[in-house]
Amino acid sequence: MDNEKLSLPQYDIPDDVQNAVAITTLDRLYNWGRRSSVWPLMFGLACCAIEMIAAQAARYDMARFGMEVMRPTPRQADLMLVSGTVTKKMVPSIVRLWNQMPEPKYCVAMGACASGGGPFKEGYNVVAGIDKLIPVDVYIPGCPPTPQALIAGLIKLQQKIDKQSLRKVHWYRKGPDVMEIPVPILGPDLIDPRRNAEIKSAAAALATKESA
Amino acid sequence: MMTAPASTLTVDLTQRFPGIVSADARPGYSGFIVEKDSLIEVATAIRDEFGFDLLTAVTGVDYFPDKMEVVYHAYKTTGGPGLVFRVQVPRVDPIEVPSLINVYPGADLQEREAWDLMGIKFTGHPDLRRILMWEGFEGHPLRKDWKEPFYEEDAKPFKSRWPDGRFTMAEDKNPFKDNLKFPQDFDPEKWTPDNDESLYQTLKRYTVKDEDGLETDRIVVNMGPQHPSTHGVFRAAIMLDGETIVGLKPVVGYLHRNHDKIGERNTFLQNMPYTDRLDYFNSMSNNLGYAIAVEKLMNIPVAERADYIRVIMAELSRIQNHLVFVGMLLNDLGAMYTPALYAFEERELILDIFEAVAGSRMMCNYLRFGGVVRDVPPYVLQKIKDLVFDRLPAKTDEFERLLSENEVLVSRLKGVKVLDAETAVRYSVTGPVLRAAGVPYDLRRADPYSVYDRFDFDVAVRPNGDMYDNYAIRIDEIRQSLRILQQAVKQIPDGPINSQKPQYQVRVPAGESYGRIESPKGELAFYVVSNGKPNPWRYHVRPASFVNITALEKMCIGTKIADFVALLGMLDIVMGELDR
Ligand code: SF4
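These protein sequence lines map, in sequence, to chains A and B. Note that the numbering used here has the first sequence beginning at 1, numbered continuously upward. Note that the numbering used here has the second sequence beginning at 1, numbered continuously upward.
With the rest of the complex left out, here is chain B (with noise of 0.2 Å):
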């Protein structure tokens, strides 16, 4: 099967704004350059006008020498192809944009992050903060005429690493002889580290004047980066009136591994084995989503068995993803380890065939352009149809049986507003959690890649947007996901892996691609701008987990302390993804 064409233009934006808005006419890109100066008047035209109310990607891109540009992705909630407008300023600093946090408040922190790492400043932003870095960190680190300390050379493979057949460490061609960079004549004892202050300064603007004069404290109550429920290393600053949220600010970062930098040293394969580490969950998803976005770029078919496998894999996948969240979701609210017990014996099941087919439990790096590594061996065939028709299904029931209808649970759940339609769509909320609030947005039916569209399946809604809705509809995509497996596995056709040669460079051209897939946690996408060289010039990952995060904040204030890991849990954020 051809991967997708290129989404047709269904608007044109040029008769709406002459003289402003211009088509891009790059060879590779689509899409519409805006007016600077415009951009907010265009924008609004476009949520309200033509009916894109989702602003899914914020990126910036650094055409070094001479230009930044500002990408946005804006995609209807009712489905269809996507629409995508840029903003192209001159490279010199200050470099500023609007802000369109306004428009659409999902922007928040993917504006902060490209702030952060290009140093794009966007105007009218309230709080623009480093969030990935700290304040005081030195530079715009995805600047490309930024060096890391143990730069090299710009791309990968490094001539550097084996001079005369030795090899060298990084370390000792680095002044400081070790991951380190500072300015010259720089000072230690000289430095005032910020200490997060600029954190606590945003908070403050929460506190609003009691009416009868009474000065009541509030408090700022730090939750993370090391505990026990923030799933890993987030943090959030909370603001608290007696037990009521009053402001929260997400301090994230902790887990800032650098993806975007390194995976534009890379070539394009080698990119594969870093997007295992994004999600650790579903490395099978996070190949899906990188595999979809480059092959879009080198416009070549995907082998039709190898097509299948990777349906199988990344449902398998979010099986294994939902199981365990059921499971830590309960850990959260205080039935301590033993569903997650449960859970882990199902994913162990499943994991034994990650580890069959791909040789690794959880980094699997099975996917490759054009198709897969290794074929299924029939066995591995037979283990998956006796899970997906017998075991998991029997287990689904299990769960439910003890968990949907238990009375604890449910009144600890039921009627706990987590976030409405609207409010999701706005903050740029996908995943279960849009699903969850009545909204069946599903990119595997809205915006269909790989084969989902042979399989008869439902996209799962529920409408309430409360917790117990979130935590069922995961139940419910379980039971989805296992009637596409019962048909992928029967109608898997025999046939190549992969419809290319194995090769380890591949020759990609000029061109930018947006590829988007529904991983368990919500919209994951890859955005790579290629220049026709050997490895990316841009490599952007567009994480579900980062980008929920947005809401966060809304979703709390107003509620208890007590809450707030439930209400975290239901966003079901990993920090690889979030962080990078």
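Same shape as in the complex, but just chain A (with noise of 0.2 Å):
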């Protein structure tokens, strides 16, 4: 462990323990333990995992970050990498995926089509983005995104945990452990179950208009 990065500066250490010893607190030693070792869910949709693959083989190499190892299954997985275009068609899988990964757990939208609909936007299958039922923490910008900048995405990603404190994160705290996102249901359209009532009432003031 790279003692500059462990021990708080406010702490002198007497130069003779220098190299025992360091000083610092629960919460830096755990963030540490979980920013060096982000597994992503092995887990591609579109272009952009293709620049994913290439960002993990030789020329970039994630495994110098410790977030090489992909995992096929949910339940091993902390992070998400939505890595391509997310349509109406995929997006109940997804959202099954994510309930399924355990907390702690991240979600990076990479490219323009996860972080907002990109290209493909006005397509009648597409989800204008994956935070509109996922939380995301980094958006990575780019069609595709390079490996360059997906790893410094990830980098962010990082810096984010390290600021989170054992005291604060809510899945340490009372309550359910994961919170849930209702699975979206495909019908003529994309239903997403918390707007069951809006789109009720949207479709019924429709058929008031056109009679009007």
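These aren't lab readings, by the way, just hints derived from the structure by calculation. Check before you lean on any hint, since a few could be wrong.
[Said to hold, decoys possible] In silico DSS-like pairs for lysine-lysine, Cα to Cα no more than 30 Å straight-line: (1) B:Lys-177 with A:Lys-132; (2) A:Lys-121 with B:Lys-159; (3) A:Lys-200 with B:Lys-190; (4) B:Lys-417 with B:Lys-395; (5) A:Lys-121 with B:Lys-190; (6) B:Lys-173 with A:Lys-209; (7) B:Lys-156 with B:Lys-67; (8) A:Lys-121 with A:Lys-132; (9) A:Lys-200 with B:Lys-144; (10) A:Lys-121 with B:Lys-173; (11) B:Lys-173 with A:Lys-132; (12) B:Lys-177 with A:Lys-209; (13) B:Lys-147 with B:Lys-159; (14) B:Lys-147 with B:Lys-177; (15) B:Lys-156 with A:Lys-132; (16) B:Lys-177 with A:Lys-105; (17) B:Lys-147 with A:Lys-121; (18) A:Lys-174 with A:Lys-105; (19) B:Lys-147 with A:Lys-132; (20) A:Lys-121 with B:Lys-177; (21) A:Lys-209 with B:Lys-156; (22) A:Lys-121 with B:Lys-533; (23) A:Lys-209 with B:Lys-190; (24) B:Lys-177 with B:Lys-190; (25) B:Lys-147 with B:Lys-190; (26) A:Lys-121 with A:Lys-200; (27) B:Lys-121 with B:Lys-190; (28) B:Lys-144 with A:Lys-121; (29) B:Lys-144 with B:Lys-173; (30) B:Lys-159 with A:Lys-209; (31) B:Lys-190 with A:Lys-132; (32) A:Lys-105 with A:Lys-168.
Both chains come to you apart, so use the hints to assemble them.
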């Protein structure tokens, strides 16, 4: 472990034990462990996923930041990298995967599509950004973001993890462990169950507008 | 060089079928119009008497407000020009056209797509379900009178984007404040979703009764859409008897990004960057296919230097695609990561070249109608030379040394059947999979485009159609591509890079065109219909991956589930192109 990163500078450590002792906080130790082993879900949606693979390959080598262990199962993953266009047909599966991931978990929207629909925003089968359903921690712009940009985004996520405190994080507090997001339903169009009432009243308003 | 003239008619169907078939007389169109009721008879004759054994594309065109048309493109696997025939029906629901699935089984998924997106009912199709959208979706999106939730105007550039110099959000104009569209008085609580019931219903027909009266349970295994080996968001519902596959249905559409609909709102040039995102491994060759289709329609020549640059880029693209194919195939077979890392190392070098000429590693948007957008600077040409004369041949040898005679690989792949020649042709399979089954059908030779006729190269073929041949043919093709590249970089002439002036809006005369190229995955074609306006009336992509998976069920039935991932890998699908 890197002494500089871990030790709190406010505490003077005598010279003779410099290399043997470190004084730090629990938060720092905890976050240092988590930020250095973020395991992403092996999950690719579209073009951006290819740059994600390139970022893992020899030239860019994401492993340098402790993020190379892609897990095919959501149960073992900490990070959902939404790498590509989110379609209405796919989004129920994405939300289900997210619900299956244990806390603490993070979501990174990679690319223009995942952040806001991108070039396909006006498409009838496209969800304009994953943040309509899942809370996003870091957005990475680009179409596709270069591997460098992806790594920069993941370093941003590490900085975010560094700032979290054991006392405040919600997964150690009372209440349900995970906050489940209701899975959208494929109807005549995508139905988000949280918006049922709103959809119903807007559809009713359509009818009155038509008859008027 | 001029683009190839519109294919001359080699057959005259009107004499064979007087009164039933008539020549299409509309300016800019070619081919024949067939009476709906005789379609099957005529198609059978086209296949058996005239020898057009490969039906490459089936697509609908909505001639709003009076007609719907289904267009068929048939070719001979021995090469030569194709035959276009079409059926026209009045545009009143139900719109019914006989299904050609019994004549050309390759029409299966394409007919389902036309049903899904255009609402054309193919009578006699055994499994006419929606394919790209889900059961229960409202409307048929590619009809001209169907408007998407974020609809603004019929054609871009939208004036409504900047009223009074201020931008407006599409969300604010939609009654549901999102990319949503529900029928009047819709109540989400009363809705019962399909939940794939109709899909599982179709798998039931494979259940055969056990002779001994023993009840055997068959299980359905769903693979995907989230699975590490399905190359993206592909899903297959597989019916298993023990470990043997007895039924399989591909479920696609999880990456359906509405290329066709968006493409019909765009201007012709605006579609170029969208083609990048079809087969996102090969944006250069996608550009080429689209450019060829539109150039045919515009009837303009391509600058000679640009033609060479196009060939160089398309072949470099093929090499990196096949390298990644080999790496990913071994991934699927269980040799996790290492071979893929080798492949990606070479791929990066080729992407460097794309980035140098086009400005982007993956989404190149490099071609323009009549040429290319930027010249290749001398230092990049030098880099390409280094690659194609030294580095890549040596690396291909290394791949071969490590893999081709590797005992584990050989015993895993040899003798595992993928497809035989006859089935492959019947199911409209194209590309390396067809050639590995012994059919030497390569569009660069069979229907030459660009300047491929100037190069000396062989069409790679392998006789057995097993997994090993499917692997080996990719290596063969890398070698042939290197041969082409070596000639092209030597012969490339100086001169202008575009025969036209740079322009944002191109003038495209009315008519139709079908531009096709040999993409690394098979035949990639663009079917474009113009009515003289700045945006295409119909823009249809005929992707290799989508049509190739028509044969997937046939390939897999009778094999073990353990081979499924490898068999799927052989088809080299990419979801951006498959779902569009
Ligand atoms: S942001 Fe661009 S590269 Fe990424 S998935 Fe969307 S279209 Fe593809």
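Tested hints:
| no. | hint | result |
| --- | --- | --- |
| 1 | B:Lys-177 with A:Lys-132 | holds, 12 Å |
| 2 | A:Lys-121 with B:Lys-159 | holds, 18 Å |
| 3 | A:Lys-200 with B:Lys-190 | holds, 10 Å |
| 4 | B:Lys-417 with B:Lys-395 | holds, 28 Å |
| 5 | A:Lys-121 with B:Lys-190 | holds, 29 Å |
| 6 | B:Lys-173 with A:Lys-209 | holds, 15 Å |
| 7 | B:Lys-156 with B:Lys-67 | holds, 25 Å |
| 8 | A:Lys-121 with A:Lys-132 | holds, 13 Å |
| 9 | A:Lys-200 with B:Lys-144 | holds, 27 Å |
| 10 | A:Lys-121 with B:Lys-173 | holds, 14 Å |
| 11 | B:Lys-173 with A:Lys-132 | holds, 18 Å |
| 12 | B:Lys-177 with A:Lys-209 | holds, 17 Å |
| 13 | B:Lys-147 with B:Lys-159 | holds, 17 Å |
| 14 | B:Lys-147 with B:Lys-177 | holds, 16 Å |
| 15 | B:Lys-156 with A:Lys-132 | holds, 27 Å |
| 16 | B:Lys-177 with A:Lys-105 | holds, 29 Å |
| 17 | B:Lys-147 with A:Lys-121 | holds, 14 Å |
| 18 | A:Lys-174 with A:Lys-105 | holds, 18 Å |
| 19 | B:Lys-147 with A:Lys-132 | holds, 22 Å |
| 20 | A:Lys-121 with B:Lys-177 | holds, 14 Å |
| 21 | A:Lys-209 with B:Lys-156 | holds, 28 Å |
| 22 | A:Lys-121 with B:Lys-533 | holds, 24 Å |
| 23 | A:Lys-209 with B:Lys-190 | holds, 22 Å |
| 24 | B:Lys-177 with B:Lys-190 | holds, 21 Å |
| 25 | B:Lys-147 with B:Lys-190 | holds, 25 Å |
| 26 | A:Lys-121 with A:Lys-200 | holds, 24 Å |
| 27 | B:Lys-121 with B:Lys-190 | holds, 28 Å |
| 28 | B:Lys-144 with A:Lys-121 | holds, 19 Å |
| 29 | B:Lys-144 with B:Lys-173 | holds, 21 Å |
| 30 | B:Lys-159 with A:Lys-209 | holds, 25 Å |
| 31 | B:Lys-190 with A:Lys-132 | holds, 23 Å |
| 32 | A:Lys-105 with A:Lys-168 | holds, 15 Å |
Comparing the model with each numbered hint stated earlier shows that all of them hold.
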